[in-house]
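Student: Got chain A sorted already, so can you dock chain B onto it with the hints?
Residues per chain are reported as follows:
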Amino acid sequence: MQIQVHHRPSYALAEVLLDDGETVVAEGGAMVSQDTHVTLETSASGDKKGGLMKGLMKGLKRALAGESFFQNRFTANGAPGHVTFAPTFQGDIVVHEMSQAAVMLQSTAYLCGSPTIELDTKWGGAKTFFGGEGLVMLKATGTGLLAFNSFGAIKEIEVDGEFIVDTGHIVAFEEGLTFNVTKFGGGWKSFIFGGEGLVCSFSGKGKLWIQTRNSTAFGQLLGSKLPPREA
Amino acid sequence: MKIDVEAKPSYGLAVVTLDKGESFISESGAMVAMSSGLKVDTKFNGAGDGSFMGKVKAMLVGLARKFLAGESLFINQFDAESDGQQVMIAPTLVGDVEKIRLKDGKKITVQATSYLGSGKNIDVGLIWGGFSMLFGGEGAFFLECTGKGPLLINAYGAIEKVEINGGYVVDTGHVVGWEGDLEYKIKKAGGWKSTLLSGEGLVLEFTGTGTLWLQTRNLGSLLGWITPQLPG
Numbered sequence: 468m469q470i471q472v473h474h475r476p477s478y479a480l481a482e483v484l485l486d487d488g489e490t491v492v493a494e495g496g497a498m499v500s501q502d503t504h505v506t507l508e509t510s511a512s513g514d515k516k517g518g519l520m521k522g523l524m525k526g527l528k529r530a531l532a533g534e535s536f537f538q539n540r541f542t543a544n545g546a547p548g549h550v551t552f553a554p555t556f557q558g559d560i561v562v563h564e565m566s567q568a569a570v571m572l573q574s575t576a577y578l579c580g581s582p583t584i585e586l587d588t589k590w591g592g593a594k595t596f597f598g599g600e601g602l603v604m605l606k607a608t609g610t611g612l613l614a615f616n617s618f619g620a621i622k623e624i625e626v627d628g629e630f631i632v633d634t635g636h637i638v639a640f641e642e643g644l645t646f647n648v649t650k651f652g653g654g655w656k657s658f659i660f661g662g663e664g665l666v667c668s669f670s671g672k673g674k675l676w677i678q679t680r681n682s683t684a685f686g687q688l689l690g691s692k693l694p695p696r697e698a
Numbered sequence: 004m005k006i007d008v009e010a011k012p013s014y015g016l017a018v019v020t021l022d023k024g025e026s027f028i029s030e031s032g033a034m035v036a037m038s039s040g041l042k043v044d045t046k047f048n049g050a051g052d053g054s055f056m057g058k059v060k061a062m063l064v065g066l067a068r069k070f071l072a073g074e075s076l077f078i079n080q081f082d083a084e085s086d087g088q089q090v091m092i093a094p095t096l097v098g099d100v101e102k103i104r105l106k107d108g109k110k111i112t113v114q115a116t117s118y119l120g121s122g123k124n125i126d127v128g129l130i131w132g133g134f135s136m137l138f139g140g141e142g143a144f145f146l147e148c149t150g151k152g153p154l155l156i157n158a159y160g161a162i163e164k165v166e167i168n169g170g171y172v173v174d175t176g177h178v179v180g181w182e183g184d185l186e187y188k189i190k191k192a193g194g195w196k197s198t199l200l201s202g203e204g205l206v207l208e209f210t211g212t213g214t215l216w217l218q219t220r221n222l223g224s225l226l227g228w229i230t231p232q233l234p235g
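Chains A and B are the protein sequences, given in the same order. Here this note's numbering is used: the first sequence runs in plain steps of one and ends on residue 698. Here this note's numbering is used: the second sequence runs in plain steps of one and ends on residue 235.
Bound-form chain A, shown alone (with noise of 0.2 Å):
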């Protein structure tokens, strides 16, 4: 399988090839085009083992990540295929190799991925739901290519020490850094006026992508100019 990514930043679009037999996995309603004999087969869950009731559990835990309750598998028939798949917004998508360390995802970032990477909801705790991105973290194990996607551009950096980024931006990390949510600014006046509020403070060594820009800060900003709601 590859996985080819069109037109980054701004409007990115990954191409599937698939070898006869091969599947992809992907979000709910990513799938943009598809040659004829790629078949989709829709589950609960990424993997068939454990039973039903095992995926409708692994499904409600993937819901409430933000991303969509059933997967998609897609598979070429009798022949190479491909597939293509976007993410509802506009922005970049970055395909990933895993190989051995765990990635761990901002909810909504998964796009698709090899069959043999699971995904699971790990829960950041109270300190992720404190950042305003909120939520959940999914983490990605196991190998094969995994592709992400972002609202802005998706830059990667190589963290040897210590780095700090604003949790509105955060698409992804690898599992060997830590990470610890503190005030910008170190002090009471920057959190509160310094516009940021929460940051992570990422340490030890690893990748780790961010995005140019968040998604909720440009939502409430068009929102303000827009008409306010029917009650």
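Treat the hints with care, since some could be wrong.
These stretches of chain B come out as covered by chain A in the derived footprint (C-beta under 8 Å, 3 or more residues) [said to hold, decoys possible]: (1) 10-17; (2) 32-38; (3) 41-49; (4) 92-100; (5) 151-164.
In short, the hints are calculated from the structure, not lab data. Heads up, the beta-carbon is just placed ideally off N, CA and C, and yes, glycines get one too.
Tutor: Just chain B, lined up with the frame of chain A:
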């Protein structure tokens, strides 16, 4: 100090690298990521010296900027405590970020909402652009920037630079800023029939010699398109 702008023109990100003792100022909320060796100070968005009256003046100017021009009330100043410290800055709007180098004696006028950040030696003053500018969708206040050092501006859409020699006409919602020996007049796009039917509305006619920065999209038009599509 080094500034690189990445992800142009759609999601511009300014990566500012500072050495020990150097500083950079950005509007509040613009920080995306930063090294740990930077000291951060949040101040009112109004120039002022450290004295008490200076701080009061800064607060009043900051309030004027916020309520009249839609600029943020606060700014953040980043001071590097060692070499090679980075701060990455981006606006909230999707669109371009441009770096402009200001020299002594030159003045750049930009839309108030276009200011993103600047070096410590840049002075930013608020001026009124006239009621007709309100139709552009981005407000009628401008900022006059003088001093020496870098200025970062942002826009909705991509930023296009045009050299003017003689005259030029621009749709009001597409003006980001200008510099040089330029005068401008707000006029109707054509006669009354054109102004009402053409969808263009008001335009700015520039005369003189100088540089003009435009944005390739118009926020007022976007809002005008979305609003009737909303429920209720």
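Student: Please go over all the hints and tell whether each is borne out by the structure.
Tutor: Here's how the hints hold up against the structure:
no., hint, in the structure
1, 10-17, "holds (count 5)"
2, 32-38, "holds (count 7)"
3, 41-49, "holds (count 3)"
4, 92-100, "holds (count 4)"
5, 151-164, "violated (count 0)"
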